[in-house]
Structure formats: C-alpha cells, structure tokens
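Listed in order, the protein sequences are those of chains A and B. Letter by letter, the first sequence follows residues 761 to 1540 in the working numbering. Letter by letter, the second sequence follows residues 19 to 304 in the working numbering.
Quick caveat, the hints were computed from the structure, so don't treat them as lab data. Keep in mind that a hint or two might mislead.
[Said to hold, decoys possible] Chain B is faced by these chain A residues, among others (derived, beta-carbon under 10 Å):
| id | residue |
| --- | --- |
| 1 | Glu1048 |
| 2 | Glu1368 |
| 3 | Pro1533 |
[As the list claims (entries may be wrong)] Covered stretches of chain B, going by a simulated chain A footprint (3 or more residues, C-beta under 8 Å):
| id | segment |
| --- | --- |
| 4 | 99-112 |
| 5 | 192-206 |
| 6 | 280-286 |
| 7 | 290-296 |
All C-beta atoms in this analysis are idealised placements derived from N, C-alpha and C, irrespective of residue type, glycine included.
What follows is the residue order along each chain.
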Amino acid sequence: MSSDAVTATPAQGVPLTGTAAGQEPEQARHGLGASLQPADALAKVQGTFPYAADLWAEGLLWAAVLRSPHPHARIVSVDTAPAAEMPGVRAVITHEDVPGDATHGRRVADRPAFARDTVRHHGEPIAAVAADHPDTARLAAAAIAVEYEVLEPVTDPEKAFEAEPIHPDGNLIRHIPLRYGDESVTGEVVVEGLYRIGRQDPAPIGAEAGLAVPRTDGGVEIYTASTDPHTDRDLAAACFGLRPEQVKVVVTGVPGAMADREDLSVQLPLGLLAMRTGCPVKLAAGREESFLGHAHRHPTLLRYRHHADSDGRLVKVEAQILLDAGAYADDSADALAAAVSFAAGPYVVPHAAIDGWAVRTNNPPSGHVRGEGAMQVCAAYEGQMDKLAARLGMDPVELRTRNVMATGDLLPTGQTVTCPAPVAELLRAVRQAPLPPLPADGADGAPGPEEWLLPGGPEGAGDPGAVRRGIGFALGMVHMLGAEGADEVSTATVKVDGPVATVMCAAVETGQGFSTLARQIVQEVLGVEEVHVVAVDTDQPPAGPGARGRHTWVSGGAVERAAKMVRTQLLQPLAAKFGMSTELLTIADGKITSYDGVLSTTVAEALEGKELWATAQCRPHPTEPLDDTGQGDAFVSLAFAAIRAVVDVDVELGTVRVVEMAVAQDVGRVLNPQQLRARIEAGVTQGVGAALTEHLRVSRGVVRHPDLTAYPLPTALDAPDIRIVELVEERDVVAPFGAKSVSAVPVVVSPAAVAAAVRAATGRPVNRLPIRPQAAVASP
Amino acid sequence: MLPATLDEAVAALAATPAAVPVAGGTDLMSGVNSGLLRPAALVGLGRISEIRGWEYQDGHALLGAGLTHARMGRPDFAALIPALAAAARAAGPPQIRNAGTLGGNIVTAAPTGDSLPVLAALEATVLIAGPGGALREVPVSHLLAGMEMLRPGEIVGYVRVPLLHAPQTFLKATGRTGPGRALASVAVVLDPVRRGVRCAVGAVAPMPLRPVEAEQWVASLIDWDGRRALAPEVLAAFGDYVAMACIPDPPAPEGGGEAPVLPPAALHVRRTVATLARRGLGRALA
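Could you build the full structure based on these sequences and the hints that come with them?
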C-alpha cells in the first residue's frame, strides 16, 4: 500500500479498517501488505478473550505478597507465625524458602526473590502467602510481623555516587564515557540546557496475574502473560533449584504490554507456593500492587552543551546523562547504552563527549519500557536544537535540515549508519503537511467556536482569549533488536496439512501483531489462506523477548524461512515430475501453477495427504559491546521518525491540549497497514502521556498514590488527532522483508515534539517532562 | 438491604448499626474493592425513589440526595441551577456521573468534590433523616467544616437549594483535557434579589472556601438594575482578591525578617484560582 493512501485518510473518527478499504479496493485480502484482522480481535472486543486473570483450576489457592512499606530498611525479624496460624492459610514463604539461587536478574543477578536482610525499595516483596480465599491471603500477608530498622533512603541519583552503597554490588551500575573526535574543539555558538524526565509507568490495562500448577514430577507449570517466557523460565528454575525443563511457562492472553510483563515478581511467589502446597495457586494483583511491582521508565537528569558554527552546523555535543535505575540493575545497562549512543540524535556531529551513568537508588526500580534511553535523550537534544535555533535566529526546521544524518554518516559511537536513514525526507514531509485549521480561519473543516475543544476539556475553564497555538518539530531514532552483542535469535516451525498451515513460534503476541504477521507471512509464501498460530509455551524453542521490533525481524524471519523450506518440500516432487525448477512454480489462493500454465493443481492435491514440517532459525549479523570510550558497532539497525506537534495552551492556567500530531516515519516496508497505523497511534498517545501527565510521584522513595486517578493516562479527549503524513518505505536490505520497528519511535519522538510546541506557544524553556501547568504559564 | 423509603433505610440502619449506607458507590466501593474498607453490611439507597428527583418549596428546590450527576447535568436541571449542572457535568467520565449522587458527594466530602463549592456558594442546607423521625436541617458548609456531623443512623435525605433565577458559573481546572480531579474549582452565583455575589473555591482546602470580603466588595460595584458587566480590570482585581483570600501569603516571622515565600506549586494554584474567579464572574455577568 502506498504511503499516499495513508496520508489521504483523515485522522479523526475513521475506523482503522477504513484506511485500507476506502482507498485501495484492489488491495490483497491476505499475505504481506494486507490489513489482515488479528484472529483474536473479535474475542477481545466482546470481552470473551481469556487473560491471565481469568484462569481457573479446581481447588486453587490464592496468593498474596507482603511488600515493604519502606524504601530502605534493615529487616530485624520476620515472624510468619501470625499468618500461618490463620485458618485457611496453607503456606507462608520468605527468603528462607527459596531452594535455589537467592538472587536473580536479567543481566546481573542482583535482586533477591524475597528481601533477606535489607529492603531497597518501596514495594519490595518480603513474603508470600497462599490461602483458600483471596481475602484470607491478603489479611494473612498483612498479619506477618516484620520488624524494620528504617534507614535513610538514597533517593537523589546525584547523591548516589557518594552515598553509602545500598547494595553489595555498589551504587554505580554502569558508566559509559563516550569520546568521539576531538574533545578540545569548541563552536562559535554554545547553548546549554538542563533537562529532567519523569518516571513514566507502563500502566498496562490489565494488572499482573498468573496461575501456577505443580507437576507430579516435582516441577511446576506457570500460566501467565510473560513477554519473554524462556528467560523467565530459566531465571525462575534457578531460583526454584530445578532444571529449566522442569519448569514450564505457558503464555496466556497479554492485556497490554509496553514493558516486560509478569516477570519473576509474579512467577517466583506463584511457583514456590504451588510447589510448597501441591495445589494450583493463583495471583491477581490489584492496581496498587501493579504500580509497585513492575519496572518504570528511568527518571533521567540530562545536562547538555551544544557547540555550533554561525551557520548552525553542529560542531560538538557535550552531555552528561544520569539514569535513576532504582534499587536493582535490571535492563539499565541497555537503556544507558541507548541513551549515550543516541545522545546527539539523528544529526551529524563531528565531535562528542558524552558521559552516561546508571546509578542505584532506593527509588522504585526502572527497567525496559518502550524506547528506554532514547526517549529521554530525544527530549533533551531536541530542546537543545530549539535553543540553538533561537540563539542563531534561525528557523528550527532549517537548523535541523542542515544537520540531519543520512545513510553512510557516523554515530558518535563510531558506527556507520548502513541502514536507510531518510531523516531529511521525514522532516520535509512533516513540515509540508497542512496545518490543522483554527476556528478563526473559517476554513473548510475548521471547528466552529462551539466545537473547538479547548485545553481543559469540554466542561473546562478554557478561554479562547487566553489560548495560544504552538507548533513544534522533533526528530528521533531508536535501535532495533538487542544491542552490544546480544544473541538475537528466534526459531519457528511451520506445518502444512491439507488446506491448513500452522505456525509454532515462541514469540509472544503482546498486541504488537506478531501472530497476525506470522499468518500473513505463511499466506504469502505458501498461498494457504487458513493459517493458525499456536499458543506459546517454553516447550517450544526460544524466540526471545518482544521489544525493539524484534519479533517482526527475527521471529518473522524465522517463520518466513521455515515456510520457504516447506514450500520447497512441497514443490520439489512436482518440479521434478515436470522437469522444471521450483522457481518456475507459483502458489496463490491454494493453487500451484507453473509459469507456462501447463501445470495447475491445488496445494491439497500436491500434498497427497502428507504433512510437511520445517523448522528454521533467524539470527541477524552480530554486534559488539561499546568499549571504554563508548565506541563500537553496537546496533543492528536504526529506525527514525519526524513528528510535528500542534498544541493549544491556555497560557493563564497552563493547561495544554495536543491538537494534532503529524507523523512521518521510516518503516522500511508496510507489512500490515492497519496494524502499522494502530501501532503508531498507540506510540504517539503514550508519548503524549509522557509529555503531559504521566509521572509516578515518589516522595522520599515512597510511591504516592499508586492508582489511575493520580496517574492520569491520556483519555480519548487527551489523545490528539494523529495524522500519518508519510511512511517512507526504503527497505532495509539486512532485515527480513525490509521492515523496521514501528512501535518505539513515536514514543521516543512525541514527548520532544509536544515540548517544542509548548515552547513555541509560551516562550517558556519547557525543559522538564511531563510538562507541569506552572511551566506552561505565560502572560497573555 | 435495599429499602424503598427513607424511613425504611433509617430503620435498617437502626437495626444494623454497623451497616454503611451506599448510594452510587463510586467512592465507597473503590475502597471496598481495594481492601481498604470492609463494611459489615451495606444499606443500598438506590431504590429510594423519593430521593431521586426534586420538588419546589417556597423559592427553593428540594433536591433528592440520590440525584445522579448525569441527571443533574441535563438541560432541564441546568435551567434551574446552572452551576450545579455544570459541576455535575464536569464530575468525571459518564460511568461515574451515571452512578455518583449529590448526597454521596456531600457525605464523602472529598476536597475535590465538584458539587461542593457550588453548594457552598448557594448556601444550601442539608435535610438529614434520622432515628428521631423529623428531618434535621443543617447548612452544607457546617457539615463540610465538621461543625456539625452526621450522627449514627442518619442519612442525608435532601439538599435545599435557593432558586435564584440568575446566571451562575462553575469552572474547574484539571491537569488534562479528559475528566480529572480538580486542581482548583470556583463557583460564582449571582443573587439579584439580595444584590449579592457569592463565590466558593473548591479543591484548595479540605472544604470549599468563601472569600466573603471579595464577594461584598465586587457586589457593591455591580449596577444591579442596569447592565451588570464590569470592566476587565475589576474582574481581574476580584480574581486576585479571591485568590489572596484563599491562598494567603504566609505571615512574616514574629522576630521580623523576610516573610517566607510560597512554593511554586502553591503560587500556581493561587494564579489558577485568580484566573478561574475572574473568568467565572466575567461569564456570569456577560
């Protein structure tokens, strides 16, 4: 589907399916490029789709977890007797009941399953209870008597360097001192800025839940919405003191994933309690526990100095980036690598001196949330670009145009950008897109004064006389797949049996659309319309976590290879019989035809009642870790986007409404137009949330108001019109299908674009996200 | 328990003193669901049809405590008490407005309760049903300030609100475009008969605040018999007057020296109150 068709679709009020149906009647119904409906869409809309919280087993027990009320304390004693004595309580476990490894972690094993002698963050698990009723479990958990010696929490990441170590591993998780080019060079114009990014929470629609069932062989099966089942299984088995094959993680319906879901915080208590009691054990977290239990986006402090010549060409970027990792390391080292590597943005910078630190504090743990690292620096470097443009008296778009990178340019890590990098084209597209009309314009499609949704909402206090409109631009980038030498591999199996094909791949459908894509790939290669994707569990070969466009690339690539192997098996006998090569045969709509039309048969006939199976792997080219000066080819590929934000600000109240977000994105190739659009809309909306309202408030290490009233997610009224002005389809030759990651880039760029627009409307610096009303107040 | 009349509800509460009355449940049930509250029993007020409508009584409207926000937001109600209708429309998403009631808003007495500043500005009174049989009348402001309390076994039956037949406004500032809790809210009510302006500020203190001096000052400037409009400077001065009254500067320390400065967040709330009061009065007089 061409990008023009997407552009022509009005953003507002049109169902997603309208994009394809209205514009291109000849569009394929299946295969790559089709807007295939997700198989579970109807069930999800009707509320019959089973999520982990809906699971049930005969005679199940309910689990509850006791969490620390203090951010930092020494545990003097834990007395579980009051809980164990309660009628209905079947088991109480603490760190003493962990048979295997005491600590776990994805990169560094630094996190205990249950706090042993120290609690390091508010909400850290201390004990867990299984009881025959959820209320009994909750009351029993509350009855456990824990004596704490409260310690002074380290909550300021800047003080973490000097503070007493809060963990045996020390407070510094990683430092990357990136040096590129000549450090002593200075520019004619220098602008400085200090930026602060808040703590966004993934706040998934469905809170964490799971069910563990003990196995007769001493193992355990865990049913939960894991997004990385094999890693979770391996880590959980180590804690359980079992071999990995004794633990089976079965992935159930995932209710929204913008981060890792249902990691060990859910699986460890469930598995341990199930094995202890011999009964199925279920846990369903409430909203408060969900906020306390999962990882957040790294709050970040950034200090920048941009050097440029008088023509606005960047000379040097100096930056200090401080990530608050919270109490445990988790994925912070990866987030830091992204932050440091992309600290200058998609611009050509001849010299750079960038220091990044990820430090440990007693704040809630940070981890993988879409666009981690890249999002925080984007808000900062785009703020710097606006500042530089103002200093030079130059148009902000013109300044960016002079500096954007293209294929062949170097990142400050010394890596050459080999993938398509159509940054200039993206910027041009959003600049040229028509602006949304103002009520005063009286133009066609302009809202009347009555229909104009003012900042503050339909019944709000907004006053048209105090509303100023601002337009801001931002560019940004993310990397795809794991970085720094991570082994990114996925395995998939494809089976054809009669008119039906089946895909087995442990890539979790988190809502990103992988299962739909897998069906499309098989349709494309084998011409079979009916394709099923089987549910994921750890008995299948690993496919890795779902993040950074990974499953489209490696899992999609594996499915394609397996399907092609099946195709060869299917066609070889036919080709041999007719004395032609398999390349001369085509499969479409379940029919096999030869180039000359002599041969025409159906797939079902060609199979002759056989089942054909093939398994294949996809592994992209290897990467290398960043060295002591932050140099190295650390990334497989990059994806870019340009966004223009249009905002209305009531400058007396400081209320902001995002009117429109115009997106131009480098997507490589559109595989499913409808899903692509949905992913971009979701990413932009999440980015708007990070820009305006989403910040989990923490005071002296204690999470304040962990609920959805005090953590305002964007509602339908807050979500702007999202206009996709251009999807640049320059295929990335190393990626299967040439497609790039689409979900993370809009999350990265949107907050920066909204900040730029508010800056333009108010003249205020806007160097803090989310933008608080007092930062958007100006004299009218 | 689902009583059908107020008397039955009072009797049910008398029979089960540990029971908690519940109307829309938008506040109570979220506490129950999150495990913070565990009432021994509930007395549902949803079937008491006598408190789900309103009637007229010598220049006043007698509003049933069971009126939902959705009902109060409709145009017929807005013609009677415009500010209360505006507050009801602003009080959250449709699901909340369909369930949440006027009486519940008063009894919960959350600082951010949207109807509360309007009731304070209207000088409404609450009629309370109790074991004694007769209805006890208490000003809303007394109840909210804790000067008088609901006694055990009592239920808010009605809210008595004067019908002023003049413009009223309710403005609310929130952190987002979609429904949200008020950062600050201001109700402005004109009373042409008594030649008064009454204003109440919500969400900045545990109860709605009445800037009485600012009300009297601005009422004295209005030409009640002619065009009521005021100059923009007067409206702005009124806004500042209201804001300073509700969020005063901290007093200078006893031993002299510099008075402490309010934190930026408090200054922003003050600026917001000033803007809302200015716009509210301006729209009421326009």
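ask   = Are there three or more residues in the segment 192-206 of chain B whose C-beta lies within less than 8 Å of some C-beta in chain A?
value = holds (count 9)
message = Using the nearest Cβ pair, does Pro1533 (chain A) come within less than 10 Å of chain B?
response = 6 Å, holds
Chain A covers the segment 280-286 of chain B, three or more CB atoms within 8 Å, holds or violated = holds (count 4)
Interface restraint verdict for Glu1368 (chain A) against chain B (beta-carbon cut-off 10 Å) = 58 Å, violated
query = Can the segment 99-112 of chain B be counted as covered by chain A under the rule of three residues or more with Cβ-Cβ separation shorter than 8 Å?
reply = Coverage by chain A holds here, the residue count being 4 at a Cβ distance below 8 Å.
request  = With a C-beta cutoff of 8 Å, work out whether three or more residues of the segment 290-296 of chain B approach chain A closely enough for the coverage to hold.
outcome  = holds (count 3)
message = Under 10 Å is the threshold here; is the Cβ of Glu1048 (chain A) close enough to any Cβ of chain B for the hint to stand?
response = Since chain B brings a Cβ to about 7 Å from Glu1048 (chain A), closer than 10 Å, the hint holds.
The structure is inconsistent with hint 2 alone, although it conforms to all the rest.
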